[in-house]
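Heads up: the protein sequence lines correspond to chains D and W, in order. So the first sequence is numbered by the numbering used here: it starts at 654 and just counts up by one. So the second sequence is numbered by the numbering used here: it starts at 26 and just counts up by one.
In case anyone wonders, no lab produced these hints; they're calculated from the structure. Just so it is clear, CB atoms sit at the ideal spot from N, CA and C, and this is done for glycine as well. Hints should not be assumed to be uniformly reliable.
[As the list claims (entries may be wrong)] As a list, the in silico BS3-like pairs of lysine-lysine whose alpha-carbon atoms are at most 27 Å apart: (1) D/K670 / W/K272; (2) W/K313 / D/K661; (3) W/K178 / D/K826; (4) W/K266 / D/K676; (5) W/K272 / D/K676; (6) W/K137 / D/K789; (7) W/K313 / D/K670.
[As the list claims (entries may be wrong)] Distance ranges between label pairs, derived from CB positions: (8) W/V286 / D/E796: 46 to 54 Å; (9) D/R777 / W/E363: 48 to 56 Å; (10) D/E796 / W/N280: 39 to 47 Å; (11) D/H782 / W/Q362: 54 to 62 Å; (12) W/H332 / D/R783: 50 to 58 Å.
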Amino acid sequence: MQCQECGKQSATLHYTKIINGEKTEFHLCEACAREKGEQMPGIDGSFSIHNLLSGLLNLEPSFSEGQQQVRDTTPSKGARCSTCGLTYTQFSKIGRFGCSDCYQAFGDRLDPLFRRVHGHTTHRGKVPHRTGGRLKIRREVEELKRDMSRRIENEEFEEAAQLRDRIRSLQEKLANQGG
Amino acid sequence: MSLKRFTEHALSEWMRGKGPQSDIVISSRVRVARNLSGLPFPMLATSAQSSQVVRRVEEALQSAKEFPILAKAELIRMDDLSELEKRVLVEKHLISPHLAEESRHGAVVLSKDEAISIMINEEDHIRIQVLYPGFQPQEAWRIANQLDDWFEKQLTYAFSEQTGYLTSCPTNVGTGIRASVMVHLPALAMTNQLPRLFPAITQVGLAVRGIYGEGSEALGNLYQVSNQVTLGQQEEEIIDKLAGVAKQMIQHEQNARQRLVEGSSIQLEDRVYRSYGVLSQARVISSKEAMERLSDLRLGIDMGILHDIDANVMNELIVMTQPGFLQQYARARLDSQERDVRRAVMIRERLHHEESEDEQLKGRPDTK
Numbered sequence: 654m655q656c657q658e659c660g661k662q663s664a665t666l667h668y669t670k671i672i673n674g675e676k677t678e679f680h681l682c683e684a685c686a687r688e689k690g691e692q693m694p695g696i697d698g699s700f701s702i703h704n705l706l707s708g709l710l711n712l713e714p715s716f717s718e719g720q721q722q723v724r725d726t727t728p729s730k731g732a733r734c735s736t737c738g739l740t741y742t743q744f745s746k747i748g749r750f751g752c753s754d755c756y757q758a759f760g761d762r763l764d765p766l767f768r769r770v771h772g773h774t775t776h777r778g779k780v781p782h783r784t785g786g787r788l789k790i791r792r793e794v795e796e797l798k799r800d801m802s803r804r805i806e807n808e809e810f811e812e813a814a815q816l817r818d819r820i821r822s823l824q825e826k827l828a829n830q831g832g
Numbered sequence: 026m027s028l029k030r031f032t033e034h035a036l037s038e039w040m041r042g043k044g045p046q047s048d049i050v051i052s053s054r055v056r057v058a059r060n061l062s063g064l065p066f067p068m069l070a071t072s073a074q075s076s077q078v079v080r081r082v083e084e085a086l087q088s089a090k091e092f093p094i095l096a097k098a099e100l101i102r103m104d105d106l107s108e109l110e111k112r113v114l115v116e117k118h119l120i121s122p123h124l125a126e127e128s129r130h131g132a133v134v135l136s137k138d139e140a141i142s143i144m145i146n147e148e149d150h151i152r153i154q155v156l157y158p159g160f161q162p163q164e165a166w167r168i169a170n171q172l173d174d175w176f177e178k179q180l181t182y183a184f185s186e187q188t189g190y191l192t193s194c195p196t197n198v199g200t201g202i203r204a205s206v207m208v209h210l211p212a213l214a215m216t217n218q219l220p221r222l223f224p225a226i227t228q229v230g231l232a233v234r235g236i237y238g239e240g241s242e243a244l245g246n247l248y249q250v251s252n253q254v255t256l257g258q259q260e261e262e263i264i265d266k267l268a269g270v271a272k273q274m275i276q277h278e279q280n281a282r283q284r285l286v287e288g289s290s291i292q293l294e295d296r297v298y299r300s301y302g303v304l305s306q307a308r309v310i311s312s313k314e315a316m317e318r319l320s321d322l323r324l325g326i327d328m329g330i331l332h333d334i335d336a337n338v339m340n341e342l343i344v345m346t347q348p349g350f351l352q353q354y355a356r357a358r359l360d361s362q363e364r365d366v367r368r369a370v371m372i373r374e375r376l377h378h379e380e381s382e383d384e385q386l387k388g389r390p391d392t393k
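Next comes chain D alone, as it looks inside the complex (with noise of 0.2 Å):
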């Protein structure tokens, strides 16, 4: 397969990137793909992420000239970690995050990026067995009200009592947790 921009070279690096939910199909030789500072995830090795991710943080609209131009007369207001000191302007810059308090400081900006290179915003994998211990319950209670409605449409009364009976033990656990 040739590559889409010089045509010469066959292309060795094949993508696919979601923007606004529009998906675009990318196959380029890697001279092309450095020229053009389209790097990519899942790669180890000579292709690092950051380049591309410059490109999508920049074409987020809120982090324009005019956001610009706010932020300097709010200084740092939301846009600083307050542990790690990174600024979002430099985040955009090296696409990386300095610490995990980044995530929390940066807050909502971040569900487009996410959503541009995920598709989603919400974490659905593993949960850490000995601090993850709310959210497993969490997932289970939801899992359980599931369950639930799905007895009751079958008239599976019993069932769903008994189910109703575990969803509220758990959510007395949570609160007794607090929170």
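Fit chain W to the given chain D structure using the hints.
Coordinates of chain W only, in the frame set by chain D:
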């Protein structure tokens, strides 16, 4: 040291071992990225903080005796390795170039068979990697998951309920998982079907890339397929999707091989034997040519055209003919011309050793 002895010590399990579907899938890898709570990511960590990460992992490993898969693992600090030793680890896919060259207090925990390598202070504090021969992404994930659980008993990870495991790069956040398979697709390449196959793969959210060769080439018809998405899907979904797509690629490659045999059998045989001729006789060979010829050789072995050559010759030689490995074996620094000569010697020796072993075992090989 004889080549045989050298390779016995030098090669990882993924190059030597046999796995399922290993006629097409060379290796399966799962990598999980994790960070410790309360410490900046390696990019911004101070030297003291980075060294603390190594110390904490080291302390956790103290109790590894109860955990069989890590029992004989060894922690190696990058600062204790020579440039060449680091390069060899990179060529064996056990550490990343970033860890070798740019990390501060970088280290790696290696299991004895080198199937497990845990990088410390790479882009993230901890990167657990499991690398298996053949097509076993599910098995690799099972082990990576166990390792992750085991570490989590002793180390507190940076985790948020909303975004999952927090990583230095937003492309890894959530599950932190990157699963990949390395596939050998010579028949699809010869029959020019890759341009139709790759777009289909990227459409389902996977990435494909040629793994060897600089610039524009995908040398040796070796490709790596990996997941792009890490957030919003469960680990098992990610692995299953990759495995499902890989299975289809295997099927397509098998069909293409079948058609090659039916359609142009003598041309295929000729190509394989020519490459075998070059590999077993050449005195100077570039890395590029070696990769191409080895791909033909491997195809010939897998399709039963060549007998009495171990299919792992390709896996082994691809790694062993890399610059770092050649220099390690020569115990000297080599410029690129010297490397081309040494590479030819290495390949001849390896193929010859293969033949002489067969002679001992079965008498003279009957090559068709």
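Quick rundown of the hints versus the structure:
{"no.": "1", "hint": "D/K670 / W/K272", "result": "holds (24 Å)"}
{"no.": "2", "hint": "W/K313 / D/K661", "result": "holds (19 Å)"}
{"no.": "3", "hint": "W/K178 / D/K826", "result": "holds (22 Å)"}
{"no.": "4", "hint": "W/K266 / D/K676", "result": "holds (19 Å)"}
{"no.": "5", "hint": "W/K272 / D/K676", "result": "holds (24 Å)"}
{"no.": "6", "hint": "W/K137 / D/K789", "result": "violated (35 Å)"}
{"no.": "7", "hint": "W/K313 / D/K670", "result": "violated (31 Å)"}
{"no.": "8", "hint": "W/V286 / D/E796: 46 to 54 Å", "result": "holds (51 Å)"}
{"no.": "9", "hint": "D/R777 / W/E363: 48 to 56 Å", "result": "holds (53 Å)"}
{"no.": "10", "hint": "D/E796 / W/N280: 39 to 47 Å", "result": "holds (41 Å)"}
{"no.": "11", "hint": "D/H782 / W/Q362: 54 to 62 Å", "result": "holds (56 Å)"}
{"no.": "12", "hint": "W/H332 / D/R783: 50 to 58 Å", "result": "holds (54 Å)"}
In this structure, the hints that do not hold are numbers 6 and 7, in rising order.
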